[in-house]
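Undergrad: Okay, here's what each chain looks like letter by letter:
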Amino acid sequence: KAGVTQTPRYLIKTRGQQVTLSCSPISGHRSVSWYQQTPGQGLQFLFEYFSETQRNKGNFPGRFSGRQFSNSRSEMNVSTLELGDSALYLCASSRMASGYNEQFFGPGTRLTVL
Amino acid sequence: SQQGEEDPQALSIQEGENATMNCSYKTSINNLQWYRQNSGRGLVHLILIRSNEREKHSGRLRVTLDTSKKSSSLLITASRAADTASYFCATVTLTGANSKLTFGKGITLSVRP
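Chains A and B supply the protein sequences, listed in that same order. One point on numbering: in the numbering used here, the residue at position 99 of the first sequence is 260, and numbering is uninterrupted. One point on numbering: in the numbering used here, the residue at position 60 of the second sequence is 201, and numbering is uninterrupted.
Hints are not guaranteed to be accurate.
What the hints assert, rightly or not - Derived Cβ-Cβ restraints for the label pairs, each shown as a range:
# : chain 1 : residue 1 : chain 2 : residue 2 : range
1 : A       : S240      : B       : S209      : 42 to 48 angstroms
2 : B       : A222      : A       : R234      : 34 to 40 angstroms
3 : A       : S240      : B       : S169      : 35 to 41 angstroms
4 : A       : S231      : B       : A151      : 40 to 46 angstroms
Since the hints were made in silico from the structure, they are not lab data. We put the CB at the ideal spot given by N, CA and C, even for glycine.
Could you put the whole structure together from the sequences, leaning on the hints where they help?
TA: Written out as structure tokens, the structure reads:
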């Protein structure tokens, strides 16, 4: 069974630009969660989508948004990038809503904002 | 905000020794999970322990949960160099119909060959 895939793996953007990251969950998984990981703040929960609906949201500004498609693939978008958005963005999928069972993580997208 | 706090922040041991990592949390949880992350890569799920369980085993891993003390420990027995990684505990809380997974800042484990 293929694992969680994330594209692109690396991205360099400049301040003010916007970016879209993609996540393909394991086949049959309906929940996709997104996390931001930085050395200073650690792993911070961004949001979770389950069956195309946002189920939960972390404490991030409205510049961070996401969506999930009918095939469970998910995208997250960050508009008006700031230097502090440089981070490793991880997505995770699970069969049921996150928290009730294990999550399977993708390798992450490393975003650098210059 | 960090619900789970791991202790110690860093641990260095010799191959073959046991490694014990602790996690404390503040509010009631539905379950607690441990994950491993190799340098700059995705996390790998190790074990999930529910709030009504006290101990679970998986291979060389042993996890305990003490809900009265709001703490959990992860024991890796007979450590190997390949166990070198960061380890995170994640607590799961329920708010209505929603569940939320909150990660701690992690423990860096170095196993010297």
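Undergrad: Now tell me, hint by hint, if it's right for this structure.
TA: Each hint, compared with the structure:
At roughly 46 angstroms, the beta carbons of A:S240 and B:S209 sit within the given window of 42 to 48 angstroms. Checked against the hint of 34 to 40 angstroms, the pair B:A222 and A:R234 passes, with Cβ atoms roughly 37 angstroms apart. At roughly 37 angstroms, the beta carbons of A:S240 and B:S169 sit within the given window of 35 to 41 angstroms. A hinted range of 40 to 46 angstroms for the beta carbons of A:S231 and B:A151 is consistent with their spacing of about 44 angstroms.
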